[in-house]
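A.B. asks: Sequence:
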Amino acid sequence: MKKLLTLFLPALLFAEGGLPGAFLNYGAAPRSLGMGKAFTAVADDAQAIYFNPAGLFQLNAHEVLAAHSQLYGARMEYIAYVLPTREWGSFGIGILNFGAEGLDSRTPENWQYLPTIFAENAYQVAYAYGPSDFWSIGGTLKLITKNLAQYIDAGIGMDAGIVIRKLGPFSFGLTVQNLVEPVLTLYTLSDRYPRTVRAGAAVRLLNGRAIITVDAVSPLIRAVDSAGNPTRRWQVQLQPHGGVEFQLIPGVLVHRVGYDANEISLGLGVHQSWGRMTLGVDYAFLLHHQSSFRLAPTHKFGLFVNFGGFRVWIDAQPKLFAPTPGDKNNVLWMDVHSISRQPVKRWQVLIKNSFGEVIRSYSGWDAPPPRLLWDGLDDAGRLVADGRYYYDIVIVDQRNSSLSFSGFLTTVQTRGPQGKVEITPGQ
Numbered sequence: 001m002k003k004l005l006t007l008f009l010p011a012l013l014f015a016e017g018g019l020p021g022a023f024l025n026y027g028a029a030p031r032s033l034g035m036g037k038a039f040t041a042v043a044d045d046a047q048a049i050y051f052n053p054a055g056l057f058q059l060n061a062h063e064v065l066a067a068h069s070q071l072y073g074a075r076m077e078y079i080a081y082v083l084p085t086r087e088w089g090s091f092g093i094g095i096l097n098f099g100a101e102g103l104d105s106r107t108p109e110n111w112q113y114l115p116t117i118f119a120e121n122a123y124q125v126a127y128a129y130g131p132s133d134f135w136s137i138g139g140t141l142k143l144i145t146k147n148l149a150q151y152i153d154a155g156i157g158m159d160a161g162i163v164i165r166k167l168g169p170f171s172f173g174l175t176v177q178n179l180v181e182p183v184l185t186l187y188t189l190s191d192r193y194p195r196t197v198r199a200g201a202a203v204r205l206l207n208g209r210a211i212i213t214v215d216a217v218s219p220l221i222r223a224v225d226s227a228g229n230p231t232r233r234w235q236v237q238l239q240p241h242g243g244v245e246f247q248l249i250p251g252v253l254v255h256r257v258g259y260d261a262n263e264i265s266l267g268l269g270v271h272q273s274w275g276r277m278t279l280g281v282d283y284a285f286l287l288h289h290q291s292s293f294r295l296a297p298t299h300k301f302g303l304f305v306n307f308g309g310f311r312v313w314i315d316a317q318p319k320l321f322a323p324t325p326g327d328k329n330n331v332l333w334m335d336v337h338s339i340s341r342q343p344v345k346r347w348q349v350l351i352k353n354s355f356g357e358v359i360r361s362y363s364g365w366d367a368p369p370p371r372l373l374w375d376g377l378d379d380a381g382r383l384v385a386d387g388r389y390y391y392d393i394v395i396v397d398q399r400n401s402s403l404s405f406s407g408f409l410t411t412v413q414t415r416g417p418q419g420k421v422e423i424t425p426g427q
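The sequence shown begins at 1 in UniProt numbering and counts up by one.
FYI, nobody ran anything at the bench for these hints, they're computed from the structure.
One or more of the hints may lead you astray.
Calculated lysine-lysine pairs in the DSSO-like style (CA-CA distance at most 30 Å, straight line) [what the hints assert, rightly or not]:
(1) K166 x K328
(2) K352 x K328
(3) K352 x K319
(4) K166 x K345
With beta-carbon atoms standing in for the labels, derived distance ranges [unchecked claim]:
(5) L143 x N207: 37 to 45 Å
(6) Q272 x L143: 34 to 42 Å
(7) L220 x R399: 32 to 40 Å
(8) G275 x Q150: 46 to 54 Å
(9) W274 x A199: 16 to 24 Å
(10) G275 x I156: 40 to 48 Å
(11) L220 x P369: 31 to 39 Å
(12) D315 x R222: 56 to 64 Å
(13) F293 x G168: 32 to 40 Å
(14) L141 x K319: 42 to 50 Å
(15) L143 x G407: 35 to 43 Å
(16) G308 x N207: 39 to 47 Å
These numbers were taken from a predicted model, which means no experiment stands behind them.
The C-beta atom is built at its ideal place from N, Cα and C for all residues, glycine as well.
Just need the whole structure built from these sequences, with the hints factored in.
C.D. replies: Spelled out as structure tokens, the structure:
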């Protein structure tokens with residue numbers, strides 16, 4: 001008699017719980033998980049490979065993202081890389097692993113078998129292109145593998161998506177996942193991963209500091225008749241998702257909150273930029289309200305690095321500046337670095353004090369000059385006060401796509417060292 005495995009998998013509790021390939025619709029990294037898994041219309045980091053490949057065209061820098069999610073008796077790992085190019089669109093690769101080890105298995109006679117494993121993997125290759133700055137299209141080709149004990153199989157699938165953006169503060173996204181449906185067979189059981197439609201909308205407020213986003217997700221499953229045969233009718237299982245992202249400290253500290261049919265999520269991100277590189281750490285904390293919070297909270301961790309690509313920044317010297325009006329040799333030199341997809345149409349540089357007030361501005365048409373100078377005076381020709389000063393730089397290309405960066409410029413110190421002056425009466 002052939003031995004069959006009886007496997008008791010832990011409750012995974014995906015949004016589409018029980019459907020084949022549900023791990024492809026859970027969430028890839030803490031940022032999206034912290035926003036209630038509503039990411040179809042945002043899709044502006046390496047998770048676009050997972051949620052909506054069209055969003056890859058929004059990335060201006062190379063990005064490497066790695067994430068770990070602890071589930072109930074299982075875990076999910078994700079790693080991705082995005083390469084933007086000037087002429088050929090944007091490319092991405094991603095690897096998603098979902099699995100559990102040490103699972104109990106038994107024969108039909110209830111004899112205990114050796115502990116076994118279960119694993120699903122998705123190897124993804126994505127591409128996106130934007131015919132204009134207002135919309136982009138993309139696709140993801142994926143190889144799905146499934147492994148249960150000694151049984152293993154693989155299948156090919158494909159996703160397609162579109163992002164429409166810059167309609168004022170609004171953006172919209174649509175993805176059809178498993179447009180080509182993977183089919184995998186383990187022993188005698190075949191699973192066909194259903195097509196899933198994701199539709200999303202997002203609005204950016206407060207100059208981009210806040211993002212409010214919603215998704216509606218539904219697998220498309222053929223209804224069956226009383227004999228179990230597929231019909232022409234589709235069963236729609238709509239799953240809503242929603243989330244908010246707010247930059248408490250712009251470019252440095254980010255807070256997130258989200259909600260879906262299963263979980264309430266809270267998230268936090270800490271980012272730091274240095275000219276051509278940005279490093280970020282993200283965390284999400286998920287509470288399972290669908291179980292009346294009987295299931296323990298889960299934790300998600302992620303790390304990303306942005307580098308190179310298309311960006312703009314300024315290197316300034318000296319870092320300690322003591323301006324002297326009229327001395328043309330005593331100035332602050334600002335080296336302007338600008339790398340854009342398209343030729344630059346216009347640019348602007350703002351110098352701000354520690355209160356965020358603009359005290360000096362520069363602007364022009366075409367590409368910015370490679371070097372600017374500042375004599376320590378404001379736009380009215382007055383010597384600025386001592387303190388720390390910062391800069392904002394923005395360039396706009398011929399497609400009206402903008403690149404911007406903010407950073408520390410210099411510390412102005414014109415006062416001499418503190419001390420005491422003794423005055424003798426009568427002298």
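A.B. asks: Going through the numbered hints above, which ones does this structure break? Give me the numbers in ascending order.
C.D. replies: 1, 9, 11 and 16
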